[in-house]
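J.: Please model the complete structure; the sequences and the hints are all you need to start from.
As given, the protein sequences belong to chains A and B, one line each in that order.
Count along the first sequence from 1, then add 19; that gives the number in this note's numbering.
Count along the second sequence from 1, then add 19; that gives the number in this note's numbering.
Read the hints as simulated data drawn from the structure, not as lab findings.
Quantities reported herein were computed from a predicted structural model and do not represent experimental measurements.
Idealized CB from N, CA, C, for every residue including glycine.
Please note that a few of the clues may not be correct.
[What the hints assert, rightly or not] Just some of the chain A residues that point at chain B, by a computed CB distance under 10 Å:
1. L85
2. F148
3. A151
4. A216
5. P277
6. I281
7. F286
8. A293
9. G348
10. A366
11. A378
12. Y380
13. P383
14. A393
[Unchecked claim] Derived Cβ-Cβ restraints for the label pairs, each shown as a range:
15. L158(B) with N415(A): 47 to 53 Å
16. A100(A) with D149(B): 50 to 56 Å
17. P383(B) with A100(A): 23 to 29 Å
[To be verified] Quick list of in silico lysine-lysine cross-link-like pairs, DSBU-like style, CA-CA up to 30 Å:
18. K222(B) with K386(A)
19. K222(A) with K84(A)
20. K419(B) with K279(A)
21. K386(B) with K386(A)
22. K170(A) with K115(A)
23. K305(A) with K386(B)
24. K386(A) with K350(B)
25. K386(A) with K279(B)
26. K419(A) with K222(B)
27. K413(B) with K305(A)
28. K92(B) with K386(A)
29. K413(B) with K222(B)
30. K344(B) with K386(A)
31. K305(B) with K386(A)
32. K419(A) with K305(B)
33. K413(B) with K344(A)
34. K305(B) with K344(B)
Protein chains: 2
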Amino acid sequence: MVSDSDKGTASVDRRTMIKTGGAAAALLAPAVAKAARGDADQAAVLKTIDANRDAAVQRLADWIKLPSIAAEKRNIDEGVAHMIALAQDAGFQTAKAIPTGGVPSVLATLDSGAKHWIGVYFMYDVKQFDPAEWSSPPLEARLVDRPGLGKVMVGRGAVNQKGPEMTFLAAVRAFKDSGRKLPVNIALIAEGEEEIASPNFPKAISHPDVLPILQKCVGVFIPSASQAMDGTSTLTLGAKGAVELQLISSGERWGRGPTKDIHSSNFARVDSPAWRLVQALDTLMKPDGHTIAVDGWYDNVLPLSAREKALIAETAKRTSEDEVKRQLGVKRWINDESWVQALERLASQPTINIQGLVAGYTGPGGKTILPHRAVAKMEFRLTPAMTKEEAIAKFNAHLKKHGFDDLEVEITGGYGPTITNEDSALVRSEKAVMERLGVAYTIIPRSAGSWPGVVFSGPPLNLPAAQWGMGHGSGAHGPDEYFLIDSANPKVMGMAEASKAYVALLYEIAKQAAIRA
Amino acid sequence: MVSDSDKGTASVDRRTMIKTGGAAAALLAPAVAKAARGDADQAAVLKTIDANRDAAVQRLADWIKLPSIAAEKRNIDEGVAHMIALAQDAGFQTAKAIPTGGVPSVLATLDSGAKHWIGVYFMYDVKQFDPAEWSSPPLEARLVDRPGLGKVMVGRGAVNQKGPEMTFLAAVRAFKDSGRKLPVNIALIAEGEEEIASPNFPKAISHPDVLPILQKCVGVFIPSASQAMDGTSTLTLGAKGAVELQLISSGERWGRGPTKDIHSSNFARVDSPAWRLVQALDTLMKPDGHTIAVDGWYDNVLPLSAREKALIAETAKRTSEDEVKRQLGVKRWINDESWVQALERLASQPTINIQGLVAGYTGPGGKTILPHRAVAKMEFRLTPAMTKEEAIAKFNAHLKKHGFDDLEVEITGGYGPTITNEDSALVRSEKAVMERLGVAYTIIPRSAGSWPGVVFSGPPLNLPAAQWGMGHGSGAHGPDEYFLIDSANPKVMGMAEASKAYVALLYEIAKQAAIRA
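T.: If you want it as C-alpha cells, here you go:
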C-alpha cells in the first residue's frame, strides 16, 4: 500500500525548493564528496558501495525471485528466512522472527556503539500479480533498458519495496565491507503483511524484544524511491490513516430475505438484502455525495495549520492542475472547487469510499435472481487526530442508530493517520541531505495515501516516521513494476547513488540527533 | 426465461382439482382411448406416435446438439435452418425465416382445411451453459436413468424448450405419417431470442406475413412440460411482464468523478459514481424496502379479482407454506404477512428488483480504488394493466425528477404482462383434456414469472395465450437440465404420452372453438 498510495498523488505535487538549474544529480558526486570532506570513513564507505554494485543488484534479483504474499500464504517461511539472511549479510548483529499471530515480522539490530538509534521499517511481502499482464516475467528480475531513463530491473516488488530496501541494505553493508563504524545504531523491523494492510503489525511493535529497542530510536523511516523522472523528490510530513472493510447485507444475518439466491419473481413476497445494502449505504453519505453523515465523524478532524496551508498553496502554484486532471481523467473537483481547495481537501478531509460493489449476478447481461447477499467493499481514510478504533465505533453506532445493525462490518485491516514533526531530527536530516545533494523537493503536509507509519508515530512510540530515499521506480501493484538500477538521466539517481544518499542520511541523523531529537 | 420463471414458483402452488386417488397417469391409456373412441383418425394418429417414438427421440437429441444462443451469436443461421427443417419434416406446408432486425424468427403454417386456426409459440434458442458444471455433457443429449423417474435426456434445452416442442412436433408429424387431417390448422411462430428477453419478437409478430395468419387463430400456446414429480400440473391464466435493464452511473456520462478507476485517496477531492448509483437507487424504493417510490408506478396496477382471490385462497389451503419457505430459504414473508397474503403479493405486486450490483473491485478482499463506473442489474415485474413502455417512461421520469438523469438506463429486453381469459376456447380445451386424462391441476391466476405471451395477448392480436403440456423435466438455465423420455412413474407422462396429449388438445380446441372462441 505504501507505494500505490503515493504514486499519482505525490508525483504531481512537487515544488522546487532549490534552484538547481536542472542538474541535481550531476552535482551528486562533488556534493557527496563535499559532505564527506574531512571524513575518511564516509569516503571509504561510498567507495565500497561502488565496488559492491554488482553484488547488490544480484541480491535484489534473488529477492524478487522469492515473492512472499500474505493474501496467498505464499513463501511465508521462506520470506522470513530470506529477510533474516539479508539483514545478517548486511551486517546486522541480531536478526530473528517476531511472532505476530499472523505472518511473522523480523527484527534485526546493528549496535555500532553509537550514541543514537534510528529505526528502519521494511516490508518483505509483495502484492499479487498476473504474469499474463507483464512484458517481462514478474519473477525473473530482468534488467531492461528504458530509453531516457537507463537500466531498470523489472519484477514484482522492484519498487514496492525491495529495490529501495536493498538500496538501503547495500549502504549498511558497505560499512561492514569497508571496516567502518556506523554513525548511528539501527533497529530494523520488517513486516510480511503490509499488502494486506498490516493487520498484525502492532503486535510485532509491542513485542517485548521490539518495543524497548524502538523506544531508543530518534525516528523511523521506510526506504523509498522518491525521485520523479525529473529528479525532484517529496518530503511528506505524515499520511492519512486507512481502514479497509466490507459491509455485508445477507438474508442469513438479517433473518429476512432469502438465504440463497432465488428466482427474482419472489421479490414480490420476499425481502431483498441488496436493496437493504443500498439503503444502509445511503444513510452514510449526505446528498452532496461526499460529506459523511455519520454522527461525530468530523469531531476529531484537525483543521489545516497555517504552515500546512502555506505548503499546499506553494504546491498549487508550482504544479499543473490541468495535468493532474488529465492524469486522473477528471473534469471537475468536488463542488467545482479551485486547485488549492482540491489540494486542501486531499490533505484534510476524511473519506468513506466505495471501492467495489458485489451482489448477485455480476456477469454480462442480466439474470433473474433475488440475491441473498450484497457486499460493499469500502475504506475509511482518516485524518489527524482520528483513530481507527474511533472510526469503527462511530460507524457501527451509525448502523445501529439507523436500524442496520444486522449488516456485518468485516474489518480487514487498517491504521490511523501518521503525523511527523517537521522539526524532528529525522525530518531535519532528510531536508539537509536533499539540499546538500541538490535534489529539489516538495513538502507535502499529508499524503492522501496511507502507510502504517502510525504504529511508530502513534502511541506508545510517538516517534517521527517518514518515507525517504533517492532513486526512481514505478508500477507498484501493477504490471511491469520496475526500479532504476543504472541511471542514464543525470537528474535521477541509480541504485548505487541512492545507497550513497542513505549513507549521507545516516551521518546527518547522527549529527542532528546530537543537536536535538 | 419461460422455464426458469415457472419452476420453483408454480411447482409449489398446486391445487388438486380432481380427486385422482394418486394414479392420474395410470388412467392415461384408457382415458386417451376413451377420448378417441369412435374416432378412428385419432386412434391412428396415437398409434403412429408410438411407432415414431425412437425417431422423435433422435430428432430431439440432434436438436440439442445444435445450441443457438443469441447472447453469444452462436449457431444463428444454423438454428434458423434447423427450425425450418424440423417444421417441414413435421408436415408444415410452409416454413421460412422472418427478419426481426435481430436473430430471425421462423413462421411455419399447416393448413389442413379445418375451420379454425391455433397458434403455437416456440423458442429455438437456449440459455448459455458451463459444461464444467454438468455431470453429463450438455450437448451430447445422453439418455440417463433416473431412479423413480425413468429414462431422461440430459442436455441444454432439454426442458427449456426443445423437449416439449419436439413432443408437440411429434404429435403433428403423426398426422402426416398416418395420413390423417389435423382437426385445426396450425400457425407456428418460433423465435431465437427468448433467452435475451425477446427484444425483437414484436417485429416478427407485426410482420405482414405473420400478423394476418395469427389474427385468424383462436389462441396461442407454448408447449411446456408442466407435470411435477407427483403428476400434477398447473394452468396459469397469465403472467407478469418483465423488463430487464442496467442502471449505470459513470464519470463519463456524469461529467463528474473519474473516467477510469483511480487511487481511492482521490475521493477526498473527486466525486464518486459508485456513491451516486447508491443515492439514485435509494430514491426508487420506500424505506420498507419493497414499495416502489416511482411516481405513478401503481396507477395501472389492477387489484386481484374475486375469482383470482378465490383461486389463491384455494392454493394457500392446499399447499405447504413451510415447505415453500424451506425451498426458498426464507423465514419470513414481506411485512411478516400470512401465506395467503404472500401468494396474493406474488400474483398482484409489481417489483423493481436488484439482480446484481457491480462496481470497481469485486475480487477477494479490498483494493484501494475509486471506481469510475457502477452498475445495478435490475428488472421490473409488471402486473396487469401495466405496459413496458409506461414503466420505462415512469422510471426515466423519476431519475430526471431526482436529478439523476445522467445515469444510463440500458433496457436489454422485456415485455408487459400476459392476461388469458379463463373462458376462452383455449383454456376450456386445456381444462377439458386434463380432466379427461385424469391429470390433477392447479389454476394459477398469474404466474409471478414471465414469458413474452403479451405479444399474443396484448394488442394488436389480443389472443388467449398460455403454456400447456404434459410430461416432466427440470433444470432450466442450470446444469443437468433434463426432459423425461420414458416414464417409470405412473403419475407422470413420458414423451410419447405427452405427444398424445397434444393430439387430444388439438381435437378439443377444434371442438371448443366451434362452440365459441
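J.: Any of the earlier hints contradicted here, and which numbers?
T.: 1, 2, 3, 16, 20, 22, 26, 33
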